[in-house]
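Student: Sequence:
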Amino acid sequence: MSRRLLAVLFVGLLLVPTGVAAVEGQPNLSVSLPDDDVAPGQETTLDVQVMNTGSIEISGDNPQHEQRVTTARGVSVSVGSGDAPIEVRTGTRLLGSLPDGGVATAPFRISVKENAKPGTYRVPVHVDYEYTNQIVPRQNYHDEDQVSRTFYVTLHVEDSPQFEVVNASTDVPVGDSGTVSLTLQNDGSAVAHDARVTLRSGSSALRLGESGSASRFVGTWERGENRTVEVRASALDQAETRSYPVSATVHYENDDGRTAESESVTAGVTPLPKQSFTVSNVTSSLRVGEEGTVTATVTNDGPRRISEAVVRLGANANAVHPQRTEYAVGTLAPGASTQVSFPVEISDAGEAGPHQFRFTVEYQNREGETRESDKLPFTVGVAEERKQFGVEPVDVSVTAGSASKFTVAVTNNGDRPLSNVNAKLFVDSPLSASDDTAFAPTIAAGETVEMTFELSAAAGALAKPYPVEMDFQYETPEGEKKLSETYTVAADVNEPTDTGLSPVVVGGVVVLLLVLAGGAYWYFKD
Numbered sequence: 001m002s003r004r005l006l007a008v009l010f011v012g013l014l015l016v017p018t019g020v021a022a023v024e025g026q027p028n029l030s031v032s033l034p035d036d037d038v039a040p041g042q043e044t045t046l047d048v049q050v051m052n053t054g055s056i057e058i059s060g061d062n063p064q065h066e067q068r069v070t071t072a073r074g075v076s077v078s079v080g081s082g083d084a085p086i087e088v089r090t091g092t093r094l095l096g097s098l099p100d101g102g103v104a105t106a107p108f109r110i111s112v113k114e115n116a117k118p119g120t121y122r123v124p125v126h127v128d129y130e131y132t133n134q135i136v137p138r139q140n141y142h143d144e145d146q147v148s149r150t151f152y153v154t155l156h157v158e159d160s161p162q163f164e165v166v167n168a169s170t171d172v173p174v175g176d177s178g179t180v181s182l183t184l185q186n187d188g189s190a191v192a193h194d195a196r197v198t199l200r201s202g203s204s205a206l207r208l209g210e211s212g213s214a215s216r217f218v219g220t221w222e223r224g225e226n227r228t229v230e231v232r233a234s235a236l237d238q239a240e241t242r243s244y245p246v247s248a249t250v251h252y253e254n255d256d257g258r259t260a261e262s263e264s265v266t267a268g269v270t271p272l273p274k275q276s277f278t279v280s281n282v283t284s285s286l287r288v289g290e291e292g293t294v295t296a297t298v299t300n301d302g303p304r305r306i307s308e309a310v311v312r313l314g315a316n317a318n319a320v321h322p323q324r325t326e327y328a329v330g331t332l333a334p335g336a337s338t339q340v341s342f343p344v345e346i347s348d349a350g351e352a353g354p355h356q357f358r359f360t361v362e363y364q365n366r367e368g369e370t371r372e373s374d375k376l377p378f379t380v381g382v383a384e385e386r387k388q389f390g391v392e393p394v395d396v397s398v399t400a401g402s403a404s405k406f407t408v409a410v411t412n413n414g415d416r417p418l419s420n421v422n423a424k425l426f427v428d429s430p431l432s433a434s435d436d437t438a439f440a441p442t443i444a445a446g447e448t449v450e451m452t453f454e455l456s457a458a459a460g461a462l463a464k465p466y467p468v469e470m471d472f473q474y475e476t477p478e479g480e481k482k483l484s485e486t487y488t489v490a491a492d493v494n495e496p497t498d499t500g501l502s503p504v505v506v507g508g509v510v511v512l513l514l515v516l517a518g519g520a521y522w523y524f525k526d
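Mapping the sequence shown onto the UniProt record's numbering, position 50 (from 1) lands on 50, and the numbers just tick up by one.
No lab work stands behind these hints: they were computed from the structure.
This structure is a prediction, so every number in the text was calculated from the model and none was measured.
Using N, Cα and C, we set each Cβ at its ideal position, and we do this for glycine too.
Some hints here could point you the wrong way.
Said to hold, decoys possible - Derived Cβ-Cβ restraints for the label pairs, each shown as a range:
1) Ser-169 x Ser-76: 47 to 53 Å
2) Thr-331 x Glu-384: 37 to 43 Å
3) Thr-370 x Asn-413: 41 to 47 Å
4) Glu-485 x Asn-318: 18 to 24 Å
With these hints in hand, go ahead and build the complete structure from the sequences.
Tutor: Here's what the structure looks like:
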């Protein structure tokens, strides 16, 4: 018994009258470490257990007083590193009161040095508390004491595998799928048996496997050996080309067959830019009321090679009618370009000016999955409507009371040849057409041919221009039959030529001829 305690008892005896009951006791604290195995490079938690087995030296008739003298109050615990190769990352823990028979756990976060040598180490645990060592109930007297003690627990640094990431990469573009690859090294002091690596993504923008994590079995993993683990991964359209965290945990069996799990190690992987395309060198021959072509160059801007690529054309205006909407281009390496061409018809209801079109590229990625690019808008000009034919007069005059040839020059104003061109005249009195049709087997683009009809003018027709209408039925290179608009050409009606004889003279000559003819008949009859 300490001198201080003897002095307190002596004073107590002087103060306490004979027959006055006193209670004396104290808490007895002990410290233990249930799980004392750690590994080099490990970050873990030491759960320090503090137990109180209080003792009563002078008992009384009040259990509450006995409980009070055996309770440790204001218990605080701290852990030092001592000679152990660890760093303690947690400060002092406050446990409050610990009654007799009580057990409390104080968790302390530690990190074990990477180069820690396997072995057994003593770790100091400092415990501070206070308690009431004596109670004299009748005199309302109690004596308080404070205790500060250092205990030691044993920490065992065992031979174990340790893992670090030596390389991390991905070929996953934003909005697509591919693989994430991590190379890890066992730089620990033991072999890992039946090792299995689990990779987890730290962001929802980058998915590993089907649910955000994936595992791969690698078997026996020797010390100093590198292993590469690849898992399927995909990046959302909203992902960015920045580093995303991927953690790796190794589950294994150690040399004595116990199952263990390594600390997670983390590395960053950066998705590739989104697969993209550009449109350039856009030209067109579009014109209102005609069919033309839209031609452009599509370039694979990368980052990956694509296959089975098809370029699709889309348009917004109702009067725009693509005659073909798909153009197969096959395989395109990053940076490669291809030219595409689409026939497009602009109906008569269309408007001249700039029109917006769009391309989309459907393709298969390296994994054989079908993907579609963003829309690639571009603008082309549509020219004003032009007449399919030009009609110019060549010989369009006719004399009143007679018939003559009516010839016009017909020009194909389009950019493509036309075939089976049938022309037809439409006339009104005093004109008439005994031959009102003409035919040309083909008229090349820009070519001019002459077409001739038979036109008559009544005898009483006035000498002046009269309208002659005509249209053309023809076939396009695609075999489509079309009817042109109506064209109008002026036919010039001329007066008959004057002979200089009056009608009376002409009548006399006729009578004279008749008389002579009759006389000759009777003369030769006899």
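Student: Is 18 to 24 Å right for how far apart the beta carbons of Glu-485 and Asn-318 are?
Tutor: Hint holds: Cβ distance 22 Å, inside 18 to 24 Å.
Student: Using the beta carbons of Ser-169 and Ser-76, state whether their distance is inside 47 to 53 Å or not.
Tutor: Taking Cβ atoms as reference, Ser-169 and Ser-76 lie about 49 Å apart, which means the hint holds.
Student: Does the hinted range 37 to 43 Å hold for Thr-331 and Glu-384 at CB?
Tutor: 41 Å Cβ-Cβ, so the 37 to 43 Å window holds.
Student: Given the hint of 41 to 47 Å, is the C-beta distance from Thr-370 to Asn-413 inside that range or not?
Tutor: holds, 45 Å
Going down the numbered hints, you'll see the structure goes against none, and every one checks out.
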